[in-house]
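Work the whole structure out from these sequences, hints included.
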Amino acid sequence: MGILTPLAVKIGAVSWMPKMLPLIEKCDVKLQGATKGRVSVLDIAGLPNIVLRVPGRKTGNVRSTPLLCVPQDGGWLIAGSYFGNPKLPVWVLNLRACETAEVVHRGKTLTVSWREITGTEREQAWQTLLDTWPNFAIYEQRTERLIPVFFLAPGPSRA
1 MGILTPLAVK IGAVSWMPKM LPLIEKCDVK LQGATKGRVS VLDIAGLPNI
51 VLRVPGRKTG NVRSTPLLCV PQDGGWLIAG SYFGNPKLPV WVLNLRACET
101 AEVVHRGKTL TVSWREITGT EREQAWQTLL DTWPNFAIYE QRTERLIPVF
151 FLAPGPSRA
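Note that the sequence shown covers residues 1 to 159 in the UniProt record's numbering.
Please keep in mind that the hints were generated in silico from the structure rather than gathered at the bench.
Just to be clear, a hint being listed does not mean it is correct.
[Claimed, not checked] Here are the computed lysine-lysine pairs in the BS3-like style, where the Cα-Cα straight-line distance is at most 25 Å: (1) Lys58 to Lys10; (2) Lys26 to Lys36; (3) Lys87 to Lys26.
Here is the structure:
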């Protein structure tokens, strides 16, 4: 966590934030382009993050998505919250459609296996995510869908 993390948590909790997501994503793409991928908006906010790279389930084109994450057991927990939007983020659908993905973390690209976490294990992972980003609780209240939680680990396919 960084000095700006408390400010990021406050900004992330405001009700109009989901409408700003396209603008935030554009700014983040420009920032990452200008820094050759070394700095993202999440880095500035002092939050742990990765870039998830998965092939599109329809086109096969690799899509890159910066995501807040929680490092755990040599891998990362991520949540498909999309600020509590009623729709799933597209990256969730793409991840579910592929065997392996890639993660860019600290300038290194790693092949990762993934699994969706359910049941009691999801409840524990959700609490871990909340400890890092309390706004996940707000996003949970904004939507009727269960926010999916995934664990990504460096290594071969889960199959």
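Verify the proposed pairing of lysine 87 with lysine 26, using a straight-line Cα cut of 25 Å. holds, 20 Å
Distance restraint between lysine 26 and lysine 36, which requires alpha-carbon spacing of 25 Å or less: Holds. Lysine 26 to lysine 36 sits at ~15 Å (cutoff 25 Å).
Compare the distance between the alpha carbons of lysine 58 and lysine 10 with 25 Å, and conclude whether the hinted pair is satisfied. violated, 37 Å
Checked against the numbered hints given earlier, the structure breaks only hint 1 and satisfies all the rest.
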